[in-house]
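Those protein sequences? They're chains L and C, same order as listed.
Under this note's numbering, the first residue of the first sequence carries the number 85, and numbering increases by one thereafter.
Under this note's numbering, the first residue of the second sequence carries the number 1175, and numbering increases by one thereafter.
By construction, these hints were calculated from the structure, which means they are not laboratory data.
Note that the Cβ used here is the ideal one computed from N, Cα and C, for glycine as well.
Check each hint, because a few of them may be wrong.
What the hints assert, rightly or not - Some chain L residues close to chain C (C-beta under 7 Å, calculated; not the full set): (1) V93; (2) Q113; (3) F128; (4) Q136; (5) F147; (6) Y156; (7) R157; (8) Y158.
What the hints assert, rightly or not - Here's a subset of chain L near chain C, in silico, CB distances under 7 Å, partners left out: (9) N102; (10) S143; (11) R146.
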Amino acid sequence: MEKEAPPRVQRTQVASSNIQSIGYHPPTQTLEVEFLSGRIYQYFDVPETVYQAFMEASSKGRFLASGIKGAYRYARL
Amino acid sequence: MAADLTLLGSVESAKGATITVCLDEETVSGLAFIGGRGYRIGQVGSFVRISMGYLDLFGVVSEVGAGAAPESLAAVEPHGHRWMTVQLVGEADQRGEFRRGVSQYPTIGDPVHLVTEDDLAAVYGRPDSPNFVRVGHLASSESIPALLDITKLVTRHSAVLGSTGAGKTTTVASILDVLANRERYQSARVIVLDMHGEYPKALRDKCTVFRVSAQRDAGEQPLYIPYWALTFDELLPVIMGDLDDVGRGAILEKVTQLKQAALSKQPRAGVTPDNLTVDTPVPFSIHKLWFDLHRLVNATHTQSGGQSDATEALEFDQSGTPVQAGDPMKVMPPRYQPQTQAAGETKIYLSSSPLNIRRPLHALASKLRDPRFAFLFSPGPWCPDIDGLPEEDLDSLVEAWVGGPEPVTVLDLSGIPYSVLTHLAGVLLRVIYDALFWSRELSEGGRERPLLVVLEEAHAYLGRDNHGPAADSVKRIVKEGRKYGIGAMIVSQRPAEIDTTILSQCGTLLAMRLANTTDRAQVTAAAPDNLEGLFNMLPALRTGEAIIVGEAVNLPLRAVIIAPPEGRRPDSDDPLVYDERGPGGWNRNREPSDYGEVVGAWRRQDRRSPRIVRSGEGGTTQGAEDSSSVV
């Protein structure tokens, strides 16, 4: 049953003053970010390496501002 | 004076409910400490108690200082006594039970006291009563809850008024959140006419969302307004625009005929061929209406007199089949031979119909084809086939709107073409009103299960010069809805643009920050209490603060509304030009752009990107312990 359900992005809670959780969908290279405000955004065409670096970054907010913001197209959910 | 710390002064004159108080010379200005709490003396908007022995009168301070001094004294002692103007609002007997209205007026010399928190709690506080919901706390005292009487709030109508950014939407969401509390009110029902799609987020686990371009995977239902539920006068402007009397009469007759024909094929409860009128909400096929009328006025015929369907001159190809016989459901007109009077050929005549409705018919055809109007003309299971028989009847539609499993129904009107938006908002309200009005004695009817209708951005369709069905429906609800259990909550940032009769019928006003003078005057005029002083505070209210006056509150109060927790706030935040924390704003490098996506969204008329991958609700929560909680 799980297999037939369309693929979903699973987000992981992170410790950050700005971001609540981060998820990644490898088949479509979609990065999903939930902000503490409750808004959720999906960034498109984000390489998996960037996602991994994001998850390892000590400051998620700073990584987002420097490495993702302004680099990838996104849409609000 | 130590025995009477709360004493402020004495009554010097009483003029109706307006009392002039002379502050005691010994009254310390500024702070007074009573029972370990500090009180500011002479705050505009604060309460005073006038002790009359067996009765306590309560009033609101509306003016303090020289302006409040009697004119004759102002010249004599400009810096002498300190004066205060107080508006009486109610009284409490010895048991401390508070009532609106005043049975006896104070006379000269009656002592005026500061109202302590204990007094206030006695007046305001009935937090346990199931009839009251808590929406916040008093601005002056966090320990005293601001309570609204839900019976009066719902059935006597209310208005939430305030400038953009004053916190209207948040306030409404907060009120709806407590009304839709399933543990207290299992059968609450609320409909929100949401012009901008702001509410679903705030009420996400308590509401069913109907939207024109629904995202089914997000649990939204498509919004359909079957055209055949409209009255003739509502329908005609949408489908044809203005018509002359002849055209109008012809269409009226045709619609009645089609409804009769459909009814004879499938009987419906409550309608007989004798009581059916053009306004009866019985299905008929608008596609057939268009097709028949199109043929009537646009067909060419083989004879000039005695024209009928049989004399139509369809165009045929060599094999003898019609080039285009037409298809009503696809809005495809048939092709006819051109008119010709040339000698030697078969004469072809134009239609002899006197109706002058060719242009409106073309407009109708293009609307029937327009996907933006599909919610109206091809309303899913409520779309009748060519015989006027839809899969579903109105009962399932009305049930979905007012009888769904969730307490709140959000009708998101943001996808409806602007030209017909206000018109259809009125139609929606009328359908709901009619359904609950006629069923008022039934268990699901309005009297037994009242309905609260929240009208967001009400100024858009309730203007003074607006005589559309929306204004009519709302006027009907505010004038008569009280008796039938249909209450309105009008939300607007431009009260001055709302019809005065509508606003004055609102028993409860929640006035938030309002800077515009005209708007303020309108609110003050509509206020049910004599409280000009209180309303002079409107421009200086903080965001999320409201002055609540009227029937749903014991006493007028200035309250701080509890904001819903972050993440559950309505989606009305303004865009940020400088966005420090979010992904957007002007302060960012430009990512590779794709205007194909932009135009695609425009053409689809759907703001949701097709690239979005379904998002997992409550994904894995590893490391949840170190996630910062935000409440």
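A quick look at each hint next to the structure:
1. V93: At 5 Å from the nearest chain C Cβ, V93/L passes the 7 Å test, so the hint holds.
2. Q113: 10 Å, violated
3. F128: Where the cut-off is 7 Å and the nearest Cβ of chain C is about 6 Å from F128/L, the hint holds.
4. Q136: Since the shortest Cβ distance to chain C is 16 Å, the answer is violated.
5. F147: Violated. Min distance 13 Å.
6. Y156: 5 Å, holds
7. R157: 5 Å, holds
8. Y158: Holds. Min distance 6 Å.
9. N102: Result: holds, 5 Å to nearest chain C Cβ.
10. S143: 13 Å, violated
11. R146: Hint violated; R146/L Cβ to chain C Cβ min 12 Å, cut 7 Å.
When each numbered hint is compared with the structure, violations occur for hints 2, 4, 5, 10, 11.
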